[in-house]
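Peer 1: Keeping their order, the protein sequence lines are chains C and Y. With this note's numbering, the residue at position 50 of the first sequence is 50, and numbering never jumps. With this note's numbering, the residue at position 22 of the second sequence is 462, and numbering never jumps.
Simulated from the structure, these hints should not be mistaken for lab results. As the structure is a computational prediction, the values presented were derived from the model and not from experiment. Glycine residues also receive a C-beta, built at the ideal position from the N, C-alpha and C atoms. Please note that the accuracy of each hint is not assured.
[Claimed, not checked] Derived DEER-like restraints, expressed as beta-carbon distance ranges: (1) V281/C x G490/Y: 25 to 31 Å; (2) S603/Y x I295/C: 40 to 46 Å; (3) A411/C x E539/Y: 56 to 62 Å; (4) A269/C x R673/Y: 34 to 40 Å; (5) M564/Y x P250/C: 57 to 63 Å; (6) K245/C x G584/Y: 19 to 25 Å; (7) I679/Y x F256/C: 49 to 55 Å; (8) I628/Y x K268/C: 49 to 55 Å; (9) R611/Y x A37/C: 51 to 57 Å; (10) M265/C x G587/Y: 53 to 59 Å; (11) R508/Y x S182/C: 56 to 62 Å; (12) L637/Y x L385/C: 48 to 54 Å; (13) G634/Y x A37/C: 22 to 28 Å.
[Claimed, not checked] Result set (DMTMM-like, lysine to aspartate or glutamate): computed pairs, CA atoms no more than 25 Å apart in a straight line: (14) K96/C x D625/Y; (15) K476/Y x D72/C; (16) K487/Y x D88/C; (17) K248/C x D647/Y; (18) K175/C x E484/Y; (19) K650/Y x E74/C; (20) K294/C x D493/Y; (21) K487/Y x E28/C; (22) K175/C x D493/Y; (23) K650/Y x E443/Y; (24) K175/C x E74/C; (25) K487/Y x D72/C; (26) K487/Y x E74/C.
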Amino acid sequence: MRWKETEYCGWGRVLSASAQVARPEKSEALTAALADASGPAIGALRSYGDAALNDGGHAVQMTRLDRFIGFDPETGVLEAEAGASITDILSAFAPKGWMPTVMPGTGFATLGGCIANDVHGKNHHGAGSFGQHVQSIALMAADGTTKRVSPSRNKDLFRATIGGLGQTGIIQSAKIQLARCSSRLIQVDERRADGLPEFMEMLAESRATYSVGWIDATAKGHNLGRGLLEEAELTSSNMTPKLRKARKIPFNAPSFALSPPTVRMFNKAYFRRVPEEGRGVLRSLEDFFFPLDKIHDWNRLYGKRGFHQFQCVLPDNTAEEALTTMLKLISKAGLASPLAVLKRTGEGRGGHLSFPMTGYTLALDFPHSKNATGLVQELNRMTRLAGGRIYFAKDSLAEPEDIEDAYPELADWQKIVAKADPDGAFTTDLVRRLKLRGER
Amino acid sequence: MSETWIILGASSAMGRAFARHVAAQGCSVILAARDKADTARTAEDCKARGAADAFAVSFDARVPSSFRTIYGVAEKQHGTLNAAVFVGSMPPQEEIDAEPALGDSTIQDSFTGPVNFLHGLAPMMEERGGGTVVGVGSVAGDRGRIGNYTYGAAKAGFHTYLSGLRNRLTRSGGHVVTVKPGFVDTAITWGLPGLFLVASPEAVAQDLWKAVEKKKNTIYTPWFWRYIMLIIRSIPESIFKKMSV
Chain C
1 MRWKETEYCG WGRVLSASAQ VARPEKSEAL TAALADASGP AIGALRSYGD
51 AALNDGGHAV QMTRLDRFIG FDPETGVLEA EAGASITDIL SAFAPKGWMP
101 TVMPGTGFAT LGGCIANDVH GKNHHGAGSF GQHVQSIALM AADGTTKRVS
151 PSRNKDLFRA TIGGLGQTGI IQSAKIQLAR CSSRLIQVDE RRADGLPEFM
201 EMLAESRATY SVGWIDATAK GHNLGRGLLE EAELTSSNMT PKLRKARKIP
251 FNAPSFALSP PTVRMFNKAY FRRVPEEGRG VLRSLEDFFF PLDKIHDWNR
301 LYGKRGFHQF QCVLPDNTAE EALTTMLKLI SKAGLASPLA VLKRTGEGRG
351 GHLSFPMTGY TLALDFPHSK NATGLVQELN RMTRLAGGRI YFAKDSLAEP
401 EDIEDAYPEL ADWQKIVAKA DPDGAFTTDL VRRLKLRGER
Chain Y
441 MSETWIILGA SSAMGRAFAR HVAAQGCSVI LAARDKADTA RTAEDCKARG
491 AADAFAVSFD ARVPSSFRTI YGVAEKQHGT LNAAVFVGSM PPQEEIDAEP
541 ALGDSTIQDS FTGPVNFLHG LAPMMEERGG GTVVGVGSVA GDRGRIGNYT
591 YGAAKAGFHT YLSGLRNRLT RSGGHVVTVK PGFVDTAITW GLPGLFLVAS
641 PEAVAQDLWK AVEKKKNTIY TPWFWRYIML IIRSIPESIF KKMSV
């Protein structure tokens, strides 16, 4: 097996690593790679920080092991190799009336990555997290042996693998339950929310299957926390969706592209795009679920310096107060980009280290700078004090103390992982930075 | 009208990408490669992607008896028969220099094996009329270079055969596309130094499909290799023999 010396980075492009990377195309080659050396499995590199980085070590890129292994058109159960992407699954099965039950904000994410980060989607409040629709996983240990883990077989190991950041072994393939979809279109209703309390109430009262809020992180005063609520339902329209053509960002954008005045102006216009009385539009599934995927390499919009994403989830009892304080701090700093999301989350989570909890999740991008780093660290502290959590898939700046109380099942997870991977073959930069596997 | 594609070398990255592409068009696929466990998995994948049917069969360019199984499966399919050939082997030239017998297997894998297979298939294609053969050669076949001239010679022979086969199959409404890929991002090239302008297997598969639909005779993929090779071919031999490109 040939290993390639590779410089690579997380989606936020601030953290990077240099590692020996193997990219097997057959199961046989994966076994051969593990016989040489071991390292964590990596996928499409869509996590923002260092979840997929292993500086100075090895890594196994799974993107070429991306085949569908079996599909039952009666039950909608799909078995696929870990490198299959969500978009690939959606485009192959939507014409047959099925789609992934949970879809993250990018369709480029791989099946393995979605499991290892127990991702959630715009239907989290109803459907739960990605891992809750996984029926079984073929998990390979560092010694090359494969175990099948499921909610009934090796169930502790299964739970530790869901959201387990690749620490229990290499996810080779998995069986997932797809959901019915009647067409390739989705009916989206958009409404304005004039301020944070109103926005939170609208989110809490929404009965829509899919709901997500865009929040204007530059708004201040009585506009603080204003935004747009998108609620969506699948339709049975048989119109063929008009797919927008993918575009590329061919170069790193100059820094003024996201300067505070530009962002303020953009946000204002974006907010007013939706009339006061709201509006309904019909979109393709791809455009609704993966709004940024049409712009390949959109992370280049932040320029060479890269960016950080902060995403927290806050429990109901502290959410309003904490969000108000956070948004005040953010709008005062004027560092946020227009990409900001507020969403209601339910209790659904599939593993010990899964992110979601009942409450609200806020996600924001900040172009990298010293001030932005300080701001995100402050937001991380505020999250901890409010009894919330930060999302490992997004994080690049947290410190071990920011997470120790946030994940009450961390100790259980550590025990299972210590047994599954006693030599620490699958550790990553993230795991080491946050000392997730304990002091070693 | 139903179409069947025989894919020789279906467990290579390009072969797999092309198989998926034709599967998504609803064609049946016969996936032939040495690693049958791997092609069996790709067969399931092709079915899930829309292939009317998918079969995995063992194929070894050095074992002529393995051809018969494939003809047998193809015989049972209705409609037009097509074939895409992605097989070949390229040991480093120094290894062949050290062990000249290795040249034989390189030539078998890249030239005589696929040629004999296609020669057995041609009468079946003629009988049914129509059908397309996609033969993947190489830019290495355009000029003998110090780095890989045994492989290059085998591919040059393959190009010549394909041109003759095109001449033959045209008479029964069939067609042959000769493909000369440059560097493609596969397990073979992964981590090799000195590669540039590397194409993804999916992009190559798309190019192949376009060439099939437009009945192109010879294509370079990505397209700019036509011009790179034009330059390389036009260097006078008196100069070229001293170069190491």
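Peer 1: For the pair supplied as a hint, K487/Y and D88/C, confirm whether the alpha-carbon distance does not exceed 25 Å.
Peer 2: 14 Å, holds
Peer 1: Quickly compare the C-alpha distance for K294/C and D493/Y to 25 Å and report which way the hint goes.
Peer 2: Outside the cut-off at roughly 33 Å; violated.
Peer 1: Are the Cα positions of K175/C and D493/Y separated by 25 Å at most?
Peer 2: 22 Å, holds
Peer 1: Is the hinted pair K487/Y and E28/C satisfied, with a Cα-Cα distance of at most 25 Å?
Peer 2: Judged against 25 Å, a Cα distance of about 22 Å means the pair holds.
Peer 1: Does D647/Y lie within 25 Å of K248/C when you go C-alpha to C-alpha?
Peer 2: Holds. K248/C to D647/Y sits at ~20 Å (cutoff 25 Å).
Peer 1: Can the restraint linking K650/Y and E443/Y be considered satisfied, given a maximum Cα separation of 25 Å?
Peer 2: Given pair K650/Y, E443/Y holds - Cα atoms ~16 Å apart, limit 25 Å.
Peer 1: Assuming the hint says 25 to 31 Å, is it satisfied by the Cβ distance from V281/C to G490/Y or not?
Peer 2: For G490/Y against V281/C, whose Cβ atoms are near 30 Å apart, the range 25 to 31 Å holds.
Peer 1: Do the Cβ positions of A411/C and E539/Y conform to the proposed distance bound of 56 to 62 Å?
Peer 2: 58 Å, holds
Peer 1: Has the hinted range 57 to 63 Å been met by the Cβ atoms of M564/Y and P250/C?
Peer 2: 48 Å, violated
Peer 1: Can you tell me whether the CB distance of K245/C to G584/Y sits inside 19 to 25 Å?
Peer 2: 43 Å, violated
Peer 1: Do the Cβ positions of R611/Y and A37/C conform to the proposed distance bound of 51 to 57 Å?
Peer 2: 55 Å, holds
Peer 1: For I628/Y and K268/C, compare the CB-CB distance with the range 49 to 55 Å and indicate the outcome.
Peer 2: 53 Å, holds
Violation of the numbered hints given earlier is confined to hints 4, 5, 6, 11, 14, 19 and 20; the remaining hints are satisfied by the structure.
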